[in-house]
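Student: Listed below, chain by chain, are the residues.
2 protein chains.
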Amino acid sequence: MPATEKIELKPIGFVKTKAVGKEVRDPSNVSKIVLRQDLTEALDGIEDFSHLFVIFWMHEISKEERRTMKVHPRGRMDMPLLGVFATRTPHRPNPIGLTLVELLRVEGNIVTVRGLDAFDGTPVLDIKPFDHWDRTEDVKVPEWWMRLEKERSEKRKANK
Amino acid sequence: MPATEKIELKPIGFVKTKAVGKEVRDPSNVSKIVLRQDLTEALDGIEDFSHLFVIFWMHEISKEERRTMKVHPRGRMDMPLLGVFATRTPHRPNPIGLTLVELLRVEGNIVTVRGLDAFDGTPVLDIKPFDHWDRTEDVKVPEWWMRLEKERSEKRKANK
Chain R
1 MPATEKIELK PIGFVKTKAV GKEVRDPSNV SKIVLRQDLT EALDGIEDFS HLFVIFWMHE
61 ISKEERRTMK VHPRGRMDMP LLGVFATRTP HRPNPIGLTL VELLRVEGNI VTVRGLDAFD
121 GTPVLDIKPF DHWDRTEDVK VPEWWMRLEK ERSEKRKANK
Chain F
1 MPATEKIELK PIGFVKTKAV GKEVRDPSNV SKIVLRQDLT EALDGIEDFS HLFVIFWMHE
61 ISKEERRTMK VHPRGRMDMP LLGVFATRTP HRPNPIGLTL VELLRVEGNI VTVRGLDAFD
121 GTPVLDIKPF DHWDRTEDVK VPEWWMRLEK ERSEKRKANK
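Protein chains in written order, with my numbering: chain R, 1 to 160; chain F, 1 to 160.
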């Protein structure tokens with residue numbers, strides 16, 4: 001196994017959104033990814049995809065939070081205590097965010113997307129087109145996940 | 001927009017596989033992710049998911065390759081010239097790999113998966129459970145993508 005090494009990344013751009021707090025988690029939230037000007041041509045052809053993965057850096061997570069090993073999903077004590085890799089918590093050794101978004105439009109170095117749950121000013125590390133290899137059938141998720149999702153969906157219905 | 005900043009990551013583990021060259025792209029390829037010993041308990045509960053996203057660092061990509069702006073998919077001159085963000089090429093500003101894999105088993109700090117297209121020794125940055133929020137209907141991909149995929153699927157059939 002190779003020696004432990006440090007990896008250095010530079011943001012390709014930043015998230016711009018008016019959403020604050022819990023609003024960023026609203027699936028209908030529209031955000032802009034403002035790409036570095038020098039990378040504009042690296043977007044050519046992206047508009048032919050309907051969906052993208054956005055990989056971003058959750059820069060507000062502290063060094064201490066990065067040392068978290070176990071969490072209750074969404075801080076809910078009625079949920080099991082789980083290893084961080086069994087959850088999507090931002091408290092993880094490398095606080096990398098990964099979200100599937102809908103591509104709305106591309107104008108110059110600005111990519112407008114729907115469904116990006118990242119705060120204003122978040123550094124973006126990569127953008128990848130979503131394709132059929134990212135899909136799978138027969139997905140199995142734990143009981144606790146289905147329970148959380150059921151609550152969330154009922155809340156959404158009640159708010160409509 | 002925040003000033004350009006550097007982001008530092010430390011691998012959470014490394015890929016172990018006997019596959020070499022093009023073999024790593026075989027969807028049936030089985031690999032191990034050997035997690036750092038100090039992170040073993042962060043895996044608790046992951047075995048209840050059937051699929052994971054593995055986020056890894058394509059460490060063999062050179063500084064020059066990271067400056068690539070445009071590529072022909074798979075180096076094929078009969079394919080359009082596209083911005084790197086419109087493809088899954090490893091030649092991108094931050095050579096981060098993202099692959100959806102099937103989780104086979106977890107033993108201590110070793111996670112065995114099927115379908116990870118990463119070479120032996122590749123640093124792993126994060127592991128995330130795949131859930132229903134990572135799925136979408138009505139995916140649109142470009143014509144060139146469908147053409148490549150059709151060829152690939154015909155090749156697979158011919159090899160059987």
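Keep in mind that a hint or two might mislead.
Copies of the same chain look alike in the list, so a pair counts if it fits in one copy or across any two.
Calculated cross-link-like contacts (lysine-lysine; reagent style DSS-like; alpha-carbon spacing at most 27 Å) [stated by the list, open to error]:
(1) Lys-18 to Lys-157
(2) Lys-140 to Lys-63
(3) Lys-32 to Lys-22
(4) Lys-6 to Lys-157
(5) Lys-70 to Lys-140
(6) Lys-150 to Lys-16
(7) Lys-63 to Lys-155
(8) Lys-70 to Lys-32
Since the hints were derived computationally from the structure, they do not count as laboratory data.
Student: Hint by hint, note whether the structure agrees.
Tutor: Evaluation of the provided hints:
{"no.": "1", "hint": "Lys-18 to Lys-157", "result": "within (24 Å within a copy, 50 Å between copies)"}
{"no.": "2", "hint": "Lys-140 to Lys-63", "result": "neither (32 Å within a copy, 39 Å between copies)"}
{"no.": "3", "hint": "Lys-32 to Lys-22", "result": "within (17 Å within a copy, 37 Å between copies)"}
{"no.": "4", "hint": "Lys-6 to Lys-157", "result": "neither (46 Å within a copy, 42 Å between copies)"}
{"no.": "5", "hint": "Lys-70 to Lys-140", "result": "within (21 Å within a copy, 38 Å between copies)"}
{"no.": "6", "hint": "Lys-150 to Lys-16", "result": "neither (30 Å within a copy, 38 Å between copies)"}
{"no.": "7", "hint": "Lys-63 to Lys-155", "result": "neither (33 Å within a copy, 48 Å between copies)"}
{"no.": "8", "hint": "Lys-70 to Lys-32", "result": "between (33 Å within a copy, 22 Å between copies)"}
Of the numbered hints listed earlier, those contradicted by the structure are 2, 4, 6 and 7.
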